[in-house]
Structure formats: C-alpha cells, structure tokens
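Chemist: Note that the protein sequences, when read in sequence, are chains W and G.
So for the first sequence, the numbering used here puts the first residue at 1; every next one is plus one.
So for the second sequence, the numbering used here puts the first residue at 122; every next one is plus one.
Errors might be hidden in some of the hints.
Computed from the model, here is a short list of chain W residues facing chain G with C-beta under 10 Å [unchecked claim]:
#, residue
1, Ala33
2, Asp50
3, Tyr51
4, Ala55
5, Phe58
6, His60
7, Ile74
8, Leu107
9, Cys110
Bear in mind the hints are in silico, worked out from the structure with no lab data behind them.
Glycine included, every Cβ here is placed at the ideal spot set by N, Cα and C.
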Amino acid sequence: MAQVNYGTKRVVVGAHYGVRDWLVQRVTAALMAAFTLVVLVAVLLPGEMDYYRWARLFGHEWMKMLTFSVIVAIVWHAWVGIRDVLMDYVKPIGARLVLQVLTIVWLVSCAGWALQVLWRI
Amino acid sequence: MPDAKVLKERPGPMRLVDATQYKLPPAALVSILHRISGLIIALLLPFVIWLFDKSLTSEISFDEFRGAFLAGIGFVPAFVVKLATLVLVWAFLHHFCAGVRHLYMDITHNTTKEVGRSTALATLVVSLVLTVALGAKLFGLY
Chain W
1 MAQVNYGTKR
11 VVVGAHYGVR
21 DWLVQRVTAA
31 LMAAFTLVVL
41 VAVLLPGEMD
51 YYRWARLFGH
61 EWMKMLTFSV
71 IVAIVWHAWV
81 GIRDVLMDYV
91 KPIGARLVLQ
101 VLTIVWLVSC
111 AGWALQVLWR
121 I
Chain G
122 MPDAKVLKER
132 PGPMRLVDAT
142 QYKLPPAALV
152 SILHRISGLI
162 IALLLPFVIW
172 LFDKSLTSEI
182 SFDEFRGAFL
192 AGIGFVPAFV
202 VKLATLVLVW
212 AFLHHFCAGV
222 RHLYMDITHN
232 TTKEVGRSTA
242 LATLVVSLVL
252 TVALGAKLFG
262 LY
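Let the sequences and hints guide you as you build the complete structure.
Modeler: Next comes the structure, spelled out in structure tokens:
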C-alpha cells in the first residue's frame, strides 16, 4: 500500500532555514528602506542641516528605536547575504567556516560600535 | 538508449574564467552587481559607522566630519574620503534599486523575460544616473 505523503501526513524534511532567510531578507530590507526614507525626508526638509538639527533627529525616542532595529536589520541582512555568497563560491569547508566566523565577528563588532554611538546621543 | 551519434562531446566542467566569456544579459548583470554592491557595503560598514559617530557625537566631532570632506582627516586627503563615499553611494543605490526590484517581483509575480529585462535596465540606469548626480554634488561641480 502506498504511503500517504500529503496533508497532515506529509513527511517534512529539510532544515527550513531557506524560507526563513528569504523572509528575513525581505522584512529587514523593507525596514531599512523605511529608515532611508525617514532620513531622506529629514535631510531634504528646508533649512540648513547643522549639528543640532541632525542630533535632534536621532534624539527622538522613536528614532532611537527605529535606528536600533535598523542596526539589527543590517547585520542580519548582511549575514544572510554573505552566507549565501560564501556557500556559492567557497567550496572547501574549512575556508568557508573561517570566512563565516570572520563575517560574524566583523558584523557583530560593527553593530556594537554603532549601538555605542546611538546610546551616546 | 540514446543514439551515441547524437551525443555531443561535452566541454567538461565549467571554470570561473569561462564565466567571463559570456555576454551577461541585464538581469544577470544586476544580479552579480547586487552581490558585489552588498559586499562593498559590508566591507565599508566601519566607514559608515565612523561617519555616523563623527556626525552625531558632538559639535566638535561634527566639524571634524565636515572637515574630512573639505580638508581631509589625519593622513587621508579629502579626495579619498569623497571617493570612498562615492563608491558607497553607488553600492547603496544599486543594492536599493535591485532590492526594490526583487520586492516588486515577489509582490506582483510579474516575472516574464521582458519585464525582467526592462526592470533590470531601469535598475542599472536609475542607480547610475543618481550616482552621477550625487557624485557631482559631492565633488562640488554644482
């Protein structure tokens, strides 16, 4: 008798990070695009963009929350993208592992620095 | 069994240098540039955060931020700062446009060969035109 392999009886295989990464890449991109628009509008509003106006923009609590989310989004987005590139072009497993670790260290370090700057405002 | 006579001789495994022999269609060009621009942004992240840091920390650092584009900073001349910014601007614009193109295709399922070609050309043109316009502003041409 044939094995039922559909509906709730479907045998699910795979790690499922493919669709998760695909979704993460799009959600983080949309968030970064929204942030870009906010900064663009703030810069293009009439008047000289001096230090006080620039600092006041990032002083708003909602802007700090948005910037915090965007820093996390950049790192996550970059990780998914670079990991894809490394999986495509770097075949020796040792070299790939080393590059993936370096990527994580690079991105986490950048995020740490960016967050320090953000909390100082 | 396939007829042995119709089987063509295979060229063997493709090497990376073989890829340079192809004339890339616009969509493929946008795709590889999407990867390259993403890597550029990731590598230039410390530069971006440095600009973020200098422009926000204090009035004094804000003046240093301005000065980096006018007179250079430390041993780095202003020209190099502007050039790095220009590379970053292109990478951002291309990555942004190519990303919006992806989202558009995901949402509309408008994925015919013709649409793929025209949106790819639009991505290349929009990002290059905006880069030239912002680059001219950056280097003080207007």
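Chemist: Take the hints in turn and mark each one as holding or not.
Modeler: Outcome of the hint check:
1. Taken as an interface hint, Ala33 (chain W) checks out: its beta carbon lies about 7 Å from the nearest beta carbon of chain G, inside 10 Å.
2. This hint holds: Asp50 (chain W) has a C-beta 8 Å from the nearest C-beta of chain G, less than the 10 Å allowed.
3. The interface hint given for Tyr51 (chain W) is met, as the beta carbon of that residue sits about 4 Å from the closest beta carbon of chain G, less than 10 Å.
4. Proximity of Ala55 (chain W) to chain G holds as hinted, the smallest CB-CB distance being about 6 Å (cut-off 10 Å).
5. Taken as an interface hint, Phe58 (chain W) checks out: its beta carbon lies about 6 Å from the nearest beta carbon of chain G, inside 10 Å.
6. The beta carbon of His60 (chain W) is not positioned within 10 Å of any beta carbon in chain G (closest approach about 13 Å), and the interface hint is therefore violated.
7. Annotation: Ile74 (chain W) was flagged as interfacial toward chain G, and the flag holds, the nearest CB pair being 8 Å apart, inside 10 Å.
8. A hinted interface residue such as Leu107 (chain W) counts as satisfied when its beta carbon comes closer than 10 Å to some beta carbon of chain G; here the least separation is about 7 Å, so the hint holds.
9. Hint status for Cys110 (chain W) relative to chain G: holds, with the closest Cβ pair at about 4 Å, below 10 Å.
In this structure, only the earlier hint numbered 6 is contradicted, and the remaining ones agree with it.
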